[in-house]
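These protein sequence lines are chains X and U, in that order. Residue numbering for the first sequence follows my numbering, starting at 585 and increasing by one per position. Residue numbering for the second sequence follows my numbering, starting at 1211 and increasing by one per position.
Please keep in mind that the hints were generated in silico from the structure rather than gathered at the bench. Be careful, since some hints might not be right.
No more than 27 angstroms apart at the CA atoms, straight line, and that leaves these computed lysine-lysine pairs for DSSO-like [to be verified]:
no., chain 1, residue 1, chain 2, residue 2
1, U, Lys1296, X, Lys792
2, U, Lys1296, X, Lys794
3, U, Lys1324, X, Lys763
4, X, Lys614, U, Lys1324
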Amino acid sequence: MCDTCGCNITHGNESLIRPGGKLAKTESGKEAVTVLHSLLHENDHAAQHNREHFDRHNVLAVNLMSSPGAGKTSLLEATIQQLDPDLRIAVIEGDLETENDAERIRKHGVKAIQITTGSACHLDAHMIHQAVHNLDLSELDIVFIENVGNLVCPASFDLGQHQNVVLLSVPEGDDKPVKYPVMFRAADLVMISKSDLLPILNDFKIEKAKHYLHDIASTAPVIELSSKDSSGMAVWLEWLDQQIASRKAYLQTYRKAAPLNGALSPHLHTMNHPAHSNKVVK
Amino acid sequence: MHELSICQALMHQVQNIAQEREAEYVTEIVIGMGPLSGVEAQLLKNAFPIASVGTVAETAKLIINDLPLRVKCGQCGAESEVTPNKLLCKNCGNWRTTLISGDELMLMSVELEKHKEPEAVH
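Could you put the whole structure together from the sequences, leaning on the hints where they help?
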């Protein structure tokens, strides 16, 4: 999708969707206005704004998505315990109700902001924006966003993350990627969680899961992990380190290319909202 | 059921366009949608009367154009029309394809009317 205007016209689909003129009068004298904007234009704009906030402070934002109960919170707890103590992290938790997940994270001494969505089935960029204003990004290296447990709706909403991690837990079955192609195509990393259950639930085949991911043309790497027995943790932590390093390298190149205004893009601070400091509110 | 949120975002955009152009009514809204947009056309249609009530588009016709799902093969370069859970190249079977179209969720056009047609007086 185009980052500047939120449209998703490409060379490939242009001929299919672009009609005749920019403005045309219809036969009845009514005015027909060609728009060609993504329906999620406002969300995408807010998401880009969030990404710029993260980038200004060299913070890596990782969005965790999965069905409910796939082990997102357990992964975060295990990550907090085993991550390099020099890396400073915070967690934004999304759930329909309760502060339970945020409390689990806080027990480990990590700041957690709970977003309760009520009946909304996904987080959106505006919710993340509010949550980010309750975090001091200058004191963080990674912000994890734990999305609402759902393999459908969260896939449609860019939050401003740098990486999407989609968890597929062993009890769910290895064919989830072809059942939920939109979600699994959004993944930058697919994590097969609860891998300690593989010997028991032996109808789950890793190779089949990978095969199904190929069916949807996903190039995301696949890792296996158990938060319970910590197998695969080293690979996950290494992946996180790589993401931090490559994001920093990207930003350095970008800043060298545009050193004059100091901002990362002309979009920064064009959003209309009342408070715009990164002071900790709590 | 994120279709209602998406429909509300649509109404916001449509209302802004109508306001900018000082239109009184929106008579038609055309959306283009691909099979990998993550949105169900029928659910969006169901959400439309709820999201549009009391707006300038309350009586508008919502038209949803289905856009095709097409991929280009990274190996042989062929283009194929595919289904959402089988994005393989139809020419050589390779899975390393890129999407050309099919994930769009786009407001394509709106039709506006400045004043309602006056009642015919003869």
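Checked hints:
1. Lys1296(U) / Lys792(X): 14 angstroms, holds
2. Lys1296(U) / Lys794(X): 13 angstroms, holds
3. Lys1324(U) / Lys763(X): 46 angstroms, violated
4. Lys614(X) / Lys1324(U): 8 angstroms, holds
In this structure, only the earlier hint numbered 3 is contradicted, and the remaining ones agree with it.
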